[in-house]
Amino acid sequence: MLAQLIVSGLATGCLYALVALGLVIVYKASNVFNFAQGDMAMVSTFVTFTLLETLRIPFFWAVLLAIVGAFLLGALFEICLLRPVKHPTPLGLIIITVGAQQILYGVAGWIWGYDTKAFPSPISDMKIYRFGGLVISEVNLWILIVSVLLMLALLLFFRYTRLGIAIRAMSQNLITARLMGVSAHWTLSLTWGIASVLGAVAGILIAPITFLDPNMMLNPLLKAFAAATLGGMNSFAGAVVGGGSLGILENLVGGYLTPELKESVAFFVIILVLCVRPSGLLGRHYRRHL
Amino acid sequence: MRRVRGTSWQIRSLWLSLLGLTAGLNLISAAFAAEVGVTETTIKLGTYQPLSGPAASYATLGRTLAAYFKMVNDRGGIHGRKIELLIRDDGYNPANTRLVVKELVEREKVFAFVGGLGTATGLAVMDYLNDGKIPHVAPASGYSGWSNPPKRYIFAQSINYAVESRLLTQYAAEQLNAKKLAIFYQNDPLGKEGLEGVTDMAQKKRVPLVGSISYERTDTDFTSHALKLQRSGADTVLLWAISKATASLLKEAAKIGYRPQWVSSLVNLDPVMFKLAGEAWEGAIVASPYTLYDATEAAPYREFMMKYLPNEPIGGFSIGGYAMAEIMAEALRRAGRDLTRERLIEVLETFKNWNGVLAHNITWGPGKRQGQNSLFFAKAVKGEYIKISDWFTLD
Chain A
1 MLAQLIVSGL ATGCLYALVA LGLVIVYKAS NVFNFAQGDM AMVSTFVTFT
51 LLETLRIPFF WAVLLAIVGA FLLGALFEIC LLRPVKHPTP LGLIIITVGA
101 QQILYGVAGW IWGYDTKAFP SPISDMKIYR FGGLVISEVN LWILIVSVLL
151 MLALLLFFRY TRLGIAIRAM SQNLITARLM GVSAHWTLSL TWGIASVLGA
201 VAGILIAPIT FLDPNMMLNP LLKAFAAATL GGMNSFAGAV VGGGSLGILE
251 NLVGGYLTPE LKESVAFFVI ILVLCVRPSG LLGRHYRRHL
Chain B
1 MRRVRGTSWQ IRSLWLSLLG LTAGLNLISA AFAAEVGVTE TTIKLGTYQP
51 LSGPAASYAT LGRTLAAYFK MVNDRGGIHG RKIELLIRDD GYNPANTRLV
101 VKELVEREKV FAFVGGLGTA TGLAVMDYLN DGKIPHVAPA SGYSGWSNPP
151 KRYIFAQSIN YAVESRLLTQ YAAEQLNAKK LAIFYQNDPL GKEGLEGVTD
201 MAQKKRVPLV GSISYERTDT DFTSHALKLQ RSGADTVLLW AISKATASLL
251 KEAAKIGYRP QWVSSLVNLD PVMFKLAGEA WEGAIVASPY TLYDATEAAP
301 YREFMMKYLP NEPIGGFSIG GYAMAEIMAE ALRRAGRDLT RERLIEVLET
351 FKNWNGVLAH NITWGPGKRQ GQNSLFFAKA VKGEYIKISD WFTLD
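Chains as they are written, first to last, in my numbering: chain A, 1 to 290; chain B, 1 to 395.
Among the hints, a few may not be true.
Claimed, not checked - Straight-line alpha carbon distances no greater than 20 Å define the calculated PhoX-like cross-link-like pairs of lysine-lysine that follow:
id	chain 1	residue 1	chain 2	residue 2
1	A	K117	B	K382
2	B	K82	A	K117
3	B	K180	B	K205
4	B	K307	B	K70
5	B	K179	B	K109
6	B	K44	B	K82
7	B	K275	A	K127
8	B	K70	B	K82
9	B	K151	B	K179
Simulated from the structure, these hints should not be mistaken for lab results.
Input sequences plus hints: build the corresponding full structure.
Here it is, written out as structure tokens:
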């Protein structure tokens, strides 16, 4: 039972981590908690749904199109909503993301309706693999594989590509980065695009499990915030570790203690972390010179 | 200000004539407008629905009510009057419900309410409507407090959680010969009401309740719930959960090879379950308080859906809305041309084992405000539900 709980928890945790990574990337680049991250993912998942159900596009192409769409959605979000803001304050930007979240939610409800839909995924939720006494479903296996690959890709991107380095540079010192020739505008749009893609992938992976409706990302987003805080809001590795451990911890509490506390345990942990180590497990505390 | 003085008899006669005049006017106006919200050609009804917000998918019920009355109007209305249903959005928030209901009562002056959706939302206005002597027919909620204690102007219709949970348990014990029962329920007051009923009836029928596993509305991973149920060793599991949680649990259970007999609350009597839970839903038994939507007798319902609501899903909420509307229409028909609120109450109390197209066995009476007390069971077989039992009423 222990191993089973850990494996399923890890799969759930990977999804938290994907959403959390999107939050962290945006936070690092623009110092904004993006409350629209979840519903951007939800809209992308609904787009995939429409491509699959209504337009009958094969799964691979539908996902590819949806990912391109998600990238555009994220980039446009930055270009149309955040960039025009003069003299942005962190609070003002957060309110913009909250507003955008409400708009996305309402529009999604209007277009696709609020009733629960089954997501037509070729990855079976019922097919299982057995490893000794351990059962892992095909969908969880995919979640694990895709998440790990995506996280690796991100790691390489930020370590070794010029663009990745530019984003990191910008997050540490905007002015110096600009002096060094980084185009802050386009780098930011790109960052938002990447964050949106991460969300979309999480949405598409989670949809066969949680089903599809405008509320689907509400809970994963909350957990992702928790995971990011746990791991450190400015650490990519922190988001991954935070997400994974949160997923496992939740399942252990649900399995051994009581399911009633399963949801709130995340927040106990966060308060504890914030008290003991405010920058998170792997976060670094930058001193800002103003 | 100067006061006009007169002798006392002068004043008295003035008063008397004024009184006479108003009385006369009242009589005349009574002949024209029989009752608030009723004119020569229309009856104005109101309802509150979650058109937006977290429960927006439930609002299919409100749209079904409206569509049903549109059908009634297309066929000439009731006793020469068309029905006008005013739907107000409360976003499933009790504070809003209060506002919109007040607006419907005081500004729009509706005659009565029908099918207002939700428990917390409904409780926020239950006393307001009852004290104001405004009838509310078939509030869409299974809360037992609607009819217990009975309130003169509230006609609860949906079978309530207390009765339903007991019937579910009784059926599992007597007809399915369950040896060990477990319940899977949502951790909120309504879930607890289910748990209470199940615990009570299991004790009466002497079947051990070996597991009671709750979940939160926000849970997404049901592995631990499934494992716990499996460990409890229950051969029959009662499902007191919404469709998403039910589907997820059943899939998880199937994955770990746990296949008890599932017996579900009527909430899951919905074709969407075949899509959500897939093969795991096969063989599940579900309670139904209404005639099955795919039964031959329910053909008028299916034709209605095709004609008036082609874009709404066939399922729990349109079934409920349809049943509530047909009950209201029947009551208005019985009330006749001289429609008043008191007259409506009078005829609602004459409902005795009344069957509509979907509504079944509706009974109200003086001091009796719980309309429906019976249900039957259906089995999920290859994408459809098949009736497998007679109607049961709680003994």
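Which hints, by number, does the structure contradict?
The structure conflicts with hints 2, 5, 9, although it agrees with all the remaining ones.
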